[in-house]
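> So the protein sequences, as listed, match chains A and B.
Counting in this note's numbering, the first sequence runs from 1049 upward without gaps.
Counting in this note's numbering, the second sequence runs from 763 upward without gaps.
Honestly, the hints are just simulated from the structure, not real lab data.
Wrong hints could be hidden among the right ones.
As the list claims (entries may be wrong) - Beta-carbon label-pair distances, calculated as ranges: (1) A:1390 / B:828: 32 to 38 Å; (2) B:871 / A:1391: 32 to 38 Å; (3) B:764 / A:1390: 36 to 42 Å; (4) B:764 / A:1391: 36 to 42 Å.
Stated by the list, open to error - DSS-like cross-link-like pairs, simulated, lysine-lysine; straight-line CA separation at most 25 Å: (5) B:765 / B:910; (6) A:1334 / A:1347; (7) A:1056 / B:844; (8) A:1183 / A:1273; (9) A:1397 / A:1376; (10) A:1330 / A:1273; (11) B:765 / B:918; (12) A:1347 / A:1300; (13) B:767 / B:918; (14) B:918 / A:1397; (15) A:1386 / B:844; (16) B:939 / A:1376; (17) A:1397 / B:910; (18) A:1056 / A:1125; (19) B:844 / A:1376; (20) A:1273 / A:1334; (21) A:1343 / A:1300; (22) A:1300 / A:1330; (23) B:918 / A:1376; (24) A:1300 / A:1334; (25) A:1183 / A:1256.
Don't be surprised by glycine CBs; every beta carbon is placed ideally from N, CA and C.
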Amino acid sequence: MSFGSRLKWAREAAGLTQKQLSEATEIGISSISEFETDTRGPSALQMVLIGEAVRRRSDFFYEPGEPQQEVVLWREKPVESGTQIELQLIELAGQFQRLEQCVGNPTLFELPMASCGNRPFGYADAERLAHDFRKCHSLGERPGSTLLRILEEVCRVKVFHLPFEPSGTAACTLDERYGAAVLLNSNNIRWRRNFDLAHELFHLLTWKIFRVGENVALASEQEEKLANYFAGSLLVPPEPLRLSVGSQRNGKNSLDFDDLFEIARQFDVSVQALVWQMVSNKLIEKAKALEMLGKIDGKVELWERRRDETPPTRPIRFEALAREAIEKGMIGTGMFAKYMGISRRAAMKIVETEIYAGMEHEANAEVEINDT
Amino acid sequence: MPKLKLMILDAGVVIKLHELELWSSIVERCDVHLSSIVALCESKYHEVKGDDWGRDIDLSADINNRSITIFDFPQDAVYEFKSQFDPSYFADLDAGEAESLAFLVHQNDDYRISSGDAIVYKVLGNLNLGDQGISLEEILETCGLGRKIDGFQHTKAFREQLTRLGATDMVQGRGRKRK
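Please work from the sequences and hints to get the whole structure.
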């Protein structure tokens, strides 16, 4: 596919008309038309402006073959900003992968992908998948506190946080160019994000089962139920849950909100997720759970938000690799600023006082590892 | 004495010279060349002081009265330049640096090339153009404005260290795609 065809494709994928692209870049509409018909090519400056508007690197426009449409699976895609957020997720995942290729670990991801042969994937499969994943990655009895770090550092899943509405939504994508990536809503409280992360993990693990045929970017209601079931099973394992409930009851016949909140904190999940997991494990009846959740509606959010912090957009590993990349001459200061989402001025300060200053004093120490 | 023919690849050098309030002196004493991306996009920044919203570095007066030279290069040629390197040799060059380097390898003028980025000197070393590099510290010295400036990336030692790295890569066959 030619440069012009790729430009047209990228513009349309960004949801822009030629007129809108012209307005965003201050490049005349006739010039854009000429670029798209390969009558002439843009200057390097025009390419920068176009790349920023459609959120694609300049190299993208020169790649051979047809452009591959990335599949981003949303739980309720934001109507207004969905496309832009999606492009931002793909851009961040691409930056992360380039950093991995140059200074990190180029392995795309290390996830045990699920399979189910020709039979339908059911609740028992979701539960087994959660059990196997927990065991295989030594997540322990209360995986909520370790799941994010294990996915990022061990499984090489790229997890980003951005603020968007509606609040109850998250997204994931899996691609041979940049690997597996998850987008969580930084407006949500941590317990909610934990559940969302486990939910999206289900989609990644079952990508090859459900993302086939038409409408690959849409999850069915049944798939969403399975993802929720998987998330609950992964974060709140049955036996530790029973033990915690027994310990909290301490001879009482019932548990109040404070008791439930205490157990939820142990598992790093929301009270709602805990209650539904108690229903799944037949520790309480569904009708009573609904009644309970109705009474505490609003109170939960208030309680849980008290001790919460907004997570950074990029993972710690991303930042560490970006710093290493600039030191080793893999990216320039401008790109460092772009990758980190900071101003050039702020990037210059970090580079001058924290990164290159270390080179001056040869601060990088090495230690030999024994062969045994 | 002919003016030093200077190509500044990195907006960081332009910004640093403004911070040091030496930009005008350098423009006066050197024949300064900038890529359109460095001049019109990357050099702009907000210098925030307290409640001050800051200011953009505006080079339009220098451009209009031709006290600096701006070049605009076709993207095709920039892509062709970048394509000669292994994809894992660098993750991402700043667009202004890429445009400048592409321009540089397409003409024979004897520019001295300045940057405060490791990636630029590494690539120059790899292209066997290391002799054309010049750090900000060296520019100031050459122009009779020598002084101690903050930032290891502006020193001769930094330039030499990274240029050597790139030159070693070239000798050992790293960085460039095999033809």
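> Within a Cα-Cα threshold of 25 Å, do residue 1347 (chain A) and residue 1300 (chain A) meet the stated pairing?
Distance ~23 Å between residue 1347 (chain A) and residue 1300 (chain A) Cα, so the pair holds.
> Need the status of pair residue 765 (chain B), residue 910 (chain B): alpha-carbon distance at most 25 Å?
holds (23 Å)
> Run the distance test for residue 1183 (chain A) versus residue 1273 (chain A): straight-line Cα separation, threshold 25 Å.
Roughly 23 Å between the alpha carbons, so the hint for residue 1183 (chain A) and residue 1273 (chain A) holds.
> Hey, residue 918 (chain B) versus residue 1376 (chain A), does the alpha-carbon distance stay inside 25 Å?
At roughly 17 Å apart (the allowed maximum being 25 Å), residue 1376 (chain A) and residue 918 (chain B) satisfy the hint.
> Is it true that the CA of residue 765 (chain B) sits at most 25 Å from the CA of residue 918 (chain B)?
holds (20 Å)
> Hinted pair, alpha-carbon criterion (25 Å max): residue 1183 (chain A), residue 1256 (chain A). Please report holds or violated.
Within the cut-off at roughly 22 Å; holds.
> Residue 844 (chain B) and residue 1376 (chain A): Cα distance at most 25 Å?
holds (18 Å)
> Is residue 1273 (chain A) within 25 Å of residue 1334 (chain A), Cα to Cα?
holds (16 Å)
> Between residue 939 (chain B) and residue 1376 (chain A), is the straight-line Cα distance small enough, at 25 Å or below?
Between residue 939 (chain B) and residue 1376 (chain A) the Cα gap is close to 19 Å, so the pair holds against 25 Å.
> Verify the proposed pairing of residue 1386 (chain A) with residue 844 (chain B), using a straight-line Cα cut of 25 Å.
The hint holds at about 19 Å.
> Quick check on a hinted range of 36 to 42 Å for residue 764 (chain B) and residue 1390 (chain A), using CB atoms only.
holds (40 Å)
> Straight-line Cα separation of residue 1334 (chain A) and residue 1347 (chain A) no greater than 25 Å?
OK: residue 1334 (chain A) and residue 1347 (chain A) at ~20 Å, within 25 Å.
Violation of the numbered hints given earlier is absent; every hint is satisfied by the structure.
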